[in-house]
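2 protein chains.
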Amino acid sequence: MTRIVLLEQIKKVLDPLQVIRSLEEGFAAYSEGRVTVPPVGHLYFDEPPGDCHIKYGYLGGSDAFVIKVATGFYRNPDIGLPSSNGLILVFNRRTGNPEAILLDQGWLTDARTAAAGAVAAKYLARSKPQGIGIIGTGTQARMQLEWLSYVTACREVKVWGRDIQKAELFRRGMAESPFSIRVAPHLDDLFADCDLIISATPSREPLIHAGQIRPGTHITAVGADGGGKQELDATVFEKADVCAVDSVAQCREYGDSSYALRRGLITEDKLIELGRIVRNPGLGRRSEEQITVADLTGVAVQDIQIAKLVLESL
Amino acid sequence: MTRIVLLEQIKKVLDPLQVIRSLEEGFAAYSEGRVTVPPVGHLYFDEPPGDCHIKYGYLGGSDAFVIKVATGFYRNPDIGLPSSNGLILVFNRRTGNPEAILLDQGWLTDARTAAAGAVAAKYLARSKPQGIGIIGTGTQARMQLEWLSYVTACREVKVWGRDIQKAELFRRGMAESPFSIRVAPHLDDLFADCDLIISATPSREPLIHAGQIRPGTHITAVGADGGGKQELDATVFEKADVCAVDSVAQCREYGDSSYALRRGLITEDKLIELGRIVRNPGLGRRSEEQITVADLTGVAVQDIQIAKLVLESL
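Chains as they are written, first to last, in my numbering: chain A, 1 to 314; chain B, 1 to 314.
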């Protein structure tokens with residue numbers, strides 16, 4: 001029989017520290033070429049606009065293969081529904097039997113994206129950041145902040161959003177969190193006080209430029225998960241001392257770093273996969289004054305790892 | 001909430017005549033360019049050997065999109081499991097919500113393949129066949145015969161398999177069916193008595209050659225659903241008066257007709273999609289003496305149609 005796992009069960013059993021460890025292993029396996037990840041499947045819709053993507057694959061030697069389906073329908077909030085949804089299928093890799101269906105409503109995708117942000121911060125941010133800067137005010141921005149609590153002791157936060165009222169709502173919504181959150185009226189206020197910065201917006205034009213970035217800053221950008229999206233100006237990659245990505249192959253196609261590659265501001269050998277940094281932390285930040293950046297486009301190995309962890313934890 | 005539908009429920013509600021009608025509509029929509037079907041996703045495994053494919057898409061104007069996952073692990077019978085498995089996901093096309101999961105264990109794939117054979121026979125076989133010939137002795141061979149009962153009154157059957165004992169088991173296993181079944185010791189015996197022939201084997205080399213085929217014969221081949229598989233020799237397509245396929249695009253890549261195309265024995269304009277014949281039956285058989293052939297490789301629109309029908313029938 002196929003096990004059906006609901007979101008409440010998933011949230012109950014998942015240990016964030018285990019997720020972070022499991023993603024580290026996943027990124028490392030990916031960079032070592034031990035993960036089979038075929039090209040992502042896509043469906044696009046109009047009236048109303050929406051999309052569906054299918055990410056799937058398996059780790060060599062694993063007992064399971066995983067198929068993740070994620071949907072995004074951006075007008076859903078108009079009818080009182082969240083814009084993201086989805087589920088994850090886990091199959092037995094020796095028999096093809098569907099072992100489990102995780103009806104996570106897209107939450108695991110949000111969680112593994114936030115957990116990847118935590119992994120990037122762990123290896124690339126200063127050991128004692130003075131302030132966390134959150135760019136964006138949506139679900140992913142909130143989850144990125146929540147997951148940072150597992151890898152840094154810093155609790156000083158500034159949040160900025162295009163709509164300052166949404167930033168204020170973000171601040172109020174996290175009143176119960178361990179963080180001390182202030183709203184930054186301008187992006188420059190955020191850059192002045194924060195050295196661990198996460199950008200989690202659906203922006204289609206660069207929000208962050210090289211000139212804004214002080215020495216010692218780390219920036220993780222997670223918004224550019226498909227063509228046409230961009231949060232970091234290409235010059236950021238030229239200026240940065242360390243440019244980490246989750247997948248070089250994917251960042252050839254899209255992601256913030258793809259613009260820097262295409263404009264010739266950097267060459268591909270400047271991009272270091274997170275999995276290589278996990279295995280060899282010396283490839284990450286080497287001094288308090290370096291500028292580091294992580295471009296996370298999202299890879300199926302994250303879905304594979306978090307789904308397997310859910311099943312192991314049940 | 002997402003509805004979970006089990007195989008027993010599916011078998012209970014599905015009306016074969018409605019399936020056949022629904023597939024006819026699906027094939028027609030496909031041939032009219034009204035179906036979005038991205039390339040099939042594949043995963044391959046070894047130790048033990050197996051594969052997984054993901055077929056997905058939607059009909060223009062439909063309320064649903066469908067993702068079908070099918071697995072094949074051919075050593076499963078050694079450990080008492082069926083070799084095929086799978087499930088179908090049905091999503092709301094306007095919100096991305098997963099509306100239903102059909103835990104059909106691969107049965108719907110078998111059923112829609114058999115139903116497509118019935119559609120081909122309906123439009124291409126003689127109106128009153130003298131005998132049905134079944135080549136192959138597995139699950140799909142049995143289901144092809146069962147589904148033919150909805151489109152022809154003929155009940156005289158000959159079955160042939162490489163292993164005559166399996167053919168005998170096939171005959172005995174269908175003792176309760178309305179068919180009168182005899183085992184053909186040689187393939188030529190089958191061709192001598194039968195004019196509505198279905199080939200449903202996993203053969204990787206041609207079993208059927210042009211010289212064996214008498215005037216008036218119709219042959220449907222369903223086994224060549226991937227590269228390297230072949231049941232009909234390329235000369236069969238050269239000899240046939242009508243060459244039907246489910247998808248010309250797919251038959252460029254694989255399927256029995258792909259060998260005839262590649263050898264230059266026919267050109268693509270000899271291949272007529274089943275959907276065009278459904279809309280214009282004059283493109284099918286035009287006399288009792290014509291030889292007709294149907295090369296069915298399996299297209300996602302069949303999965304889409306049968307999944308939607310299950311949900312409508314519940």
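These are calculated hints, taken from the structure and not from any lab test. If you're wondering where the values come from, they're calculated on a predicted model, not measured in any experiment. Hints should not be assumed to be uniformly reliable.
Identical copies carry no separate label here, and so any pair may be met within one copy or between two of them.
Unchecked claim - Capping the alpha-carbon separation at 25 Å, the derived lysine to aspartate or glutamate pairs in DMTMM-like fashion look like this:
{"#": "1", "residue 1": "Lys12", "residue 2": "Glu99"}
{"#": "2", "residue 1": "Lys166", "residue 2": "Asp193"}
{"#": "3", "residue 1": "Lys166", "residue 2": "Asp241"}
{"#": "4", "residue 1": "Lys11", "residue 2": "Glu99"}
{"#": "5", "residue 1": "Lys166", "residue 2": "Glu146"}
{"#": "6", "residue 1": "Lys229", "residue 2": "Asp188"}
{"#": "7", "residue 1": "Lys239", "residue 2": "Glu312"}
{"#": "8", "residue 1": "Lys11", "residue 2": "Glu253"}
{"#": "9", "residue 1": "Lys270", "residue 2": "Asp241"}
{"#": "10", "residue 1": "Lys12", "residue 2": "Glu289"}
{"#": "11", "residue 1": "Lys12", "residue 2": "Asp188"}
{"#": "12", "residue 1": "Lys128", "residue 2": "Asp163"}
{"#": "13", "residue 1": "Lys128", "residue 2": "Glu47"}
{"#": "14", "residue 1": "Lys166", "residue 2": "Asp78"}
Here's how the hints hold up against the structure:
no., hint, verdict
1, Lys12 / Glu99, "both (20 Å within a copy, 24 Å between copies)"
2, Lys166 / Asp193, "within (20 Å within a copy, 77 Å between copies)"
3, Lys166 / Asp241, "neither (33 Å within a copy, 68 Å between copies)"
4, Lys11 / Glu99, "both (19 Å within a copy, 22 Å between copies)"
5, Lys166 / Glu146, "within (18 Å within a copy, 61 Å between copies)"
6, Lys229 / Asp188, "within (22 Å within a copy, 63 Å between copies)"
7, Lys239 / Glu312, "neither (42 Å within a copy, 58 Å between copies)"
8, Lys11 / Glu253, "neither (33 Å within a copy, 44 Å between copies)"
9, Lys270 / Asp241, "within (9 Å within a copy, 61 Å between copies)"
10, Lys12 / Glu289, "neither (40 Å within a copy, 68 Å between copies)"
11, Lys12 / Asp188, "neither (39 Å within a copy, 64 Å between copies)"
12, Lys128 / Asp163, "neither (30 Å within a copy, 73 Å between copies)"
13, Lys128 / Glu47, "neither (48 Å within a copy, 47 Å between copies)"
14, Lys166 / Asp78, "within (16 Å within a copy, 60 Å between copies)"
The structure fails to meet hints 3, 7, 8, 10, 11, 12, 13 from the earlier list, while all remaining hints are met.
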